[in-house]
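**Q** Below are the chains, spelled out letter by letter.
Number of protein chains: 4
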Amino acid sequence: MTPVQETVVLDGHIIDSLILPKVLDTILALGGTFDLTEVEIGTRREETSHTRIVVRAPGSEQLAAIVRAIQPHGALVEREADCTVEPAPRDGVLPEQFHATSHLPTQIRLNGRWLDVRGIEMDVAIRVSPERASADTVPMADVRKGDLIVTGREGVRVFPLGRPQERDVFSFMEAQVSSERPHGYVIADVARRMQALREATRRGDPASRVLLTGGPAIVHAGGRDALAWLVDAGFIQVLFCGNALAAHDLEAELYGTSLGYRLAAGHSVPHGHEHHLRTINRIRAIGSIEQAVARGVVKGGIMAACVRRGVQVVMAGSIRDDGPLPGVITDSMAAQQAMRTALSGVALALLVASTLHAVATGNLLPATVPTVCVDLNPSVPTKLADRGTFQAVGVVMDAASFLRELARELGWRE
Amino acid sequence: MTPVQETVVLDGHIIDSLILPKVLDTILALGGTFDLTEVEIGTRREETSHTRIVVRAPGSEQLAAIVRAIQPHGALVEREADCTVEPAPRDGVLPEQFHATSHLPTQIRLNGRWLDVRGIEMDVAIRVSPERASADTVPMADVRKGDLIVTGREGVRVFPLGRPQERDVFSFMEAQVSSERPHGYVIADVARRMQALREATRRGDPASRVLLTGGPAIVHAGGRDALAWLVDAGFIQVLFCGNALAAHDLEAELYGTSLGYRLAAGHSVPHGHEHHLRTINRIRAIGSIEQAVARGVVKGGIMAACVRRGVQVVMAGSIRDDGPLPGVITDSMAAQQAMRTALSGVALALLVASTLHAVATGNLLPATVPTVCVDLNPSVPTKLADRGTFQAVGVVMDAASFLRELARELGWRE
Amino acid sequence: MTPVQETVVLDGHIIDSLILPKVLDTILALGGTFDLTEVEIGTRREETSHTRIVVRAPGSEQLAAIVRAIQPHGALVEREADCTVEPAPRDGVLPEQFHATSHLPTQIRLNGRWLDVRGIEMDVAIRVSPERASADTVPMADVRKGDLIVTGREGVRVFPLGRPQERDVFSFMEAQVSSERPHGYVIADVARRMQALREATRRGDPASRVLLTGGPAIVHAGGRDALAWLVDAGFIQVLFCGNALAAHDLEAELYGTSLGYRLAAGHSVPHGHEHHLRTINRIRAIGSIEQAVARGVVKGGIMAACVRRGVQVVMAGSIRDDGPLPGVITDSMAAQQAMRTALSGVALALLVASTLHAVATGNLLPATVPTVCVDLNPSVPTKLADRGTFQAVGVVMDAASFLRELARELGWRE
Amino acid sequence: MTPVQETVVLDGHIIDSLILPKVLDTILALGGTFDLTEVEIGTRREETSHTRIVVRAPGSEQLAAIVRAIQPHGALVEREADCTVEPAPRDGVLPEQFHATSHLPTQIRLNGRWLDVRGIEMDVAIRVSPERASADTVPMADVRKGDLIVTGREGVRVFPLGRPQERDVFSFMEAQVSSERPHGYVIADVARRMQALREATRRGDPASRVLLTGGPAIVHAGGRDALAWLVDAGFIQVLFCGNALAAHDLEAELYGTSLGYRLAAGHSVPHGHEHHLRTINRIRAIGSIEQAVARGVVKGGIMAACVRRGVQVVMAGSIRDDGPLPGVITDSMAAQQAMRTALSGVALALLVASTLHAVATGNLLPATVPTVCVDLNPSVPTKLADRGTFQAVGVVMDAASFLRELARELGWRE
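Chains as they are written, first to last, in my numbering: chain A, 2 to 415; chain B, 2 to 415; chain C, 2 to 415; chain D, 2 to 415.
Since the list gives no way to pick out one identical chain from another, each pair is judged satisfied if it fits inside one copy or across any two copies.
Once the Cα atoms are required to be at most 25 Å apart in a straight line, the calculated DMTMM-like pairs of lysine to aspartate or glutamate come out as:
(1) Lys-23 <-> Asp-12
(2) Lys-146 <-> Glu-132
(3) Lys-300 <-> Glu-97
(4) Lys-146 <-> Glu-291
(5) Lys-23 <-> Glu-39
(6) Lys-23 <-> Asp-36
(7) Lys-23 <-> Glu-81
(8) Lys-146 <-> Asp-117
(9) Lys-146 <-> Glu-97
Since the hints were made in silico from the structure, they are not lab data.
Use the sequences and the hints to build the structure in full.
**A** Structure, rendered in structure tokens:
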């Protein structure tokens, strides 16, 4: 093998993103060496940095492996080239070498020009328009035979996240999960953002929506009133949940219980476990949650507030559902698509007490959306980070306490 | 209000099931009084006991409340009557007063005769055949307009579980969840049952099937070889899982990684997170897992073993799935129905490292099926018990260690 | 072997304590049979029940085993006899057959009379006064050579707990641990008790003290202000903690941080991890926490409130301590003894966010003291129950949220 | 304020330790700017790097704050000066400005020469010998009036950890805690190290000792035989534990139970909870564990193996102890000191199933000692990292499974 080399450039917020040493370390770890031929490091926070690195390896295979390994960090092979595309061989099947996306901002090079990839989310493919003038993402199941799909890594670049301007909890950029950190300040920062986003929404900014993804523990643990208030006060525009959150919220309205447990008195009620079934059956008889609210059968609670405030609700079905309630999307791919659509304009995501829905939402969220993951169990935010949603700030507390403190911070008076 | 009274009888294994004092306590707690007019307690384990209790209350409403509260324990109002039925008002909607089942053995009284309810599972309704000669369960979504549905509680009786004959871990009958109990003996007892059930299956007994419900942590944590061996050795007849377990098992076969983490060397691989996507895409291109095994693309691992051994696999989709793999049932109600059907003849259920699938399976299992729930997190078995699957024995350990110890106990040599 | 028999009696609240069927089941499980020769079951809650049971076994060894097994439930062999005593063979060593206590109310029979055992706690011995007129408990390490120690089980009886008169969360008498139960009502019930106990304390009742056992997460997570308020408002009379809770409380006062993490702004402070060391050093230089408060160096927070209100504080040392602070009892046996002494008159125990201190406190508490165990991790209350403190009600939430909600319920306004 | 500047140098493994960008980011975050006047980055792994950075700030206070913040990363103010020292004002009290150590390798400058600080551990002070020719660490409680203690930060430098030569699990240098990573390879790497260290120990290398810090769950969960084998086979030289591990190990020997739970048959034994008390009393009567082994009362298990193999055992007392056993050090400061002494020559630390002992051990370990932390609960390794023991590799599995797999890997045959 003869030694070979390649020149790569690294641009952007390479200091605060810790990218440079990771890249250099990767080169060394994979048996290469390097020269830093240019190092221009921005001396103010808003300036970007620029480095040019000559990477050497004992043979071309190793060199290719190194380049492959450093490209996701944004290292760009200097010999710039257009991305390569291949037609999908069949409906629902991508070309073997399809480029799999991350959830970071991404561009591809077509006809010598860099284009933004629209609708970025992790683990999907990039589809180029027939006239090769635009690019968007496409999930595997939605690809159609003949669609032009980007393959390989050439001509694709991703941008590390810059540090946000706000000096708040979201600016640390690394998932922080600890039950031993004070959470009061996280709640204060989230509240501040929600206040600002409500202002923006009221001014008509379509990109200021707040998403809450929630599990039924919100109701069990006593957070129903606080969440209903947050919806009613206009702080939430999108709700992702399953059959259970909605059913227990409605059960609380119709029977005063949650999972058969009396919310006020704190003990189980004879046959109380049937209440959620009777609730679901009743709403099925009425036809829809909206109808139940319209007819005054359901007056308070989370779902009623969502109906009143026109919140965009996606209820996704699962195999543990009873019923389900009218409006639950039982097909998981259809539900995923509905969530994808509803994410448009979301500028803050609160993932509260649901591992399944939190991970599913994290899969669909661009890395640029500030995200909070709240769970009693510290392994939920860890799981989220393990699956790529590194931007999520973990808060280890119960759903009810979180929502109550958040609502109080925003003006709720019980 | 004038004091009123009603005579109820309690029959069966009321001593080892702790039913009697619960019933008496409930009567007192709800403001009633009682006389024990007959107390015949079996003096050997196999004998049943019999008591007759006169329940008194200050008024008929309270008396009705008491009777309602003690009936789920098997207390039978002496004035026996047929159950009442009502036609379902609409497709997918039950009569308002429908009787909601538990997962205990249940009978209804029709034309003066007690009939077993077939296909018992919790939280569904009881449908009586048009000629009123048989009864089976029906989930809310499957009921059709005009179906005769049992309502109220009269003429319905449930049987508390007797203690099983085997003096093993399943005979304690109360969910035991503790990280501080030795688990070696649980594994030994489970192994003993699996050995016996394999014998029975080989003899042609259709009611000796073993179900494993599993999550992807089985593969991540290093339990793949052990589970594949268990399947190959004929110890497992039914597998419930999601897209993830199958995808990571196949990823391990095609790439040697799981979630991009190299299983052998223990570090992440550049772009390894793409492996499961490429795996899914490849199987989609081939058409099915069965085809991939038939063509020799996939030779080892869990899914290959299942294909070879004719294991009945139900893969249920979820909103966090990539792909999904061919064979995944994306509609949650259809997946639930497929699970329900596959449970026929299951005599032992192992729920390993998946909260969602464990709870979903627990919802469908009769209480008479011995069940083990294995998870690192002690709150998973607790959650299962909270949702009614009280028969599950909790084992707090990681999926891989459990499966490896179990396989070793049954003869696996790495 | 010739069949043998023995008559035992069971008295007391055998219905609501579920004792009778447990006893009968134990007899059967150990190979015996029985006749219920008398069954008088109280028909009102306040009445006690009485049963006489003839126990038969194939041989005298088995009979002895059965009697041994049912005695802890309160089954009393009818042939009543005085307890047996033996002198301790050496300082710190008990007679081989010493009777080990439970934490339930216990009596021994001396000279034909039943005497209450004073200072009951679990896992200690019973010492009889030289004149055999009284009995108290003695830990193994404190026994002196020649002390008269009760041995065996004869002439010892324990009383199952009756259900308390208050119909609140403590009246369910079984450890309830679930992250899926509403905790608002537990907090409301605890608050109600604290209110009543404060009244009683103000009236001069010495047996109305409230104990809080706490870990440092109270400070980390943001519960310091609420706890300081509870102390200041007179709701707490005894505090058990370690070096860490006190050090972080004082660090918060002197530096505004906890574990170096700024409590207000929510980020770590350069060199902040040194703050607790500097805090401890400073208090050591001053001489004591009391002095630091007296001199005005420490004005706010938990420890200052304790000093001001004369709360009885026991700070127990551990091997992970830095410093430690003046006042920390570094000898674990001395600390245990100080805790034991301070428990006198405690009528409510709150164990918050400390496994070690919670278990240690649970070991010393009589079963008659209503106890709440609060932890993010559901396995902490389970561990407590596994070690015998079955009376503890488990609340799965973070320490700060618990204390803040509790304080609000009692009138705290931030 | 006039702008001021200071030149600092960063030397060492600044690439693979990710130090450089952290330093630059810190400068910017605290309002400073910088020029990189020299950047010599080693181009092979074993080469060190060198950078010179001119730091500018608007005023001298801010500059001092920046320098303070970057010094722990090893940034050295170029104007080199000797460290400052001050005498301790009193026994047990440090000078107000004492320098608090990290657990990284550290040097101080005295008379123009850099000296290694001996016995480095986190959160202690540095004491200079009277003749100012050497320096060692001293815990706060042990300082004596007049001892010369290093103050401030000048003349003190710490060295970031270089990446170890072995390319194994310990070379990733960041605490990895995930229940979703395969643990087979961690166990394999640990076994490889233990094999090599046993070789070295046999060759007489005093710095090749292996420490196991363990909790009682080792015995409860079924890991006793495996650990006893590891000790007997010469793989472990130091054992840190509490009263409970030893008591339950001895209980298993004398009664076949652990916490009263029969280890073989998996159910609780009547009065089994007394076994550990009787065990402790019996050993107290005999006088010591060593005596009990010498007399043949105790033959198998962990403690017997330790006695036979001359393992250095430190048993530290705690407030939840019964007894305690002879040999338990009840004073926490004395126990800490015994642990400190026993750590000499430890080259691998296994912290298994004990939060308290793991954190205490972590506090005393230099960062250069490879460390594994094993617990069912992922928050234990997180807690360890939060307290500074960042070098610990987290393994989320139960103690018994870990020890059994480890022993098997090293040749154990059950």
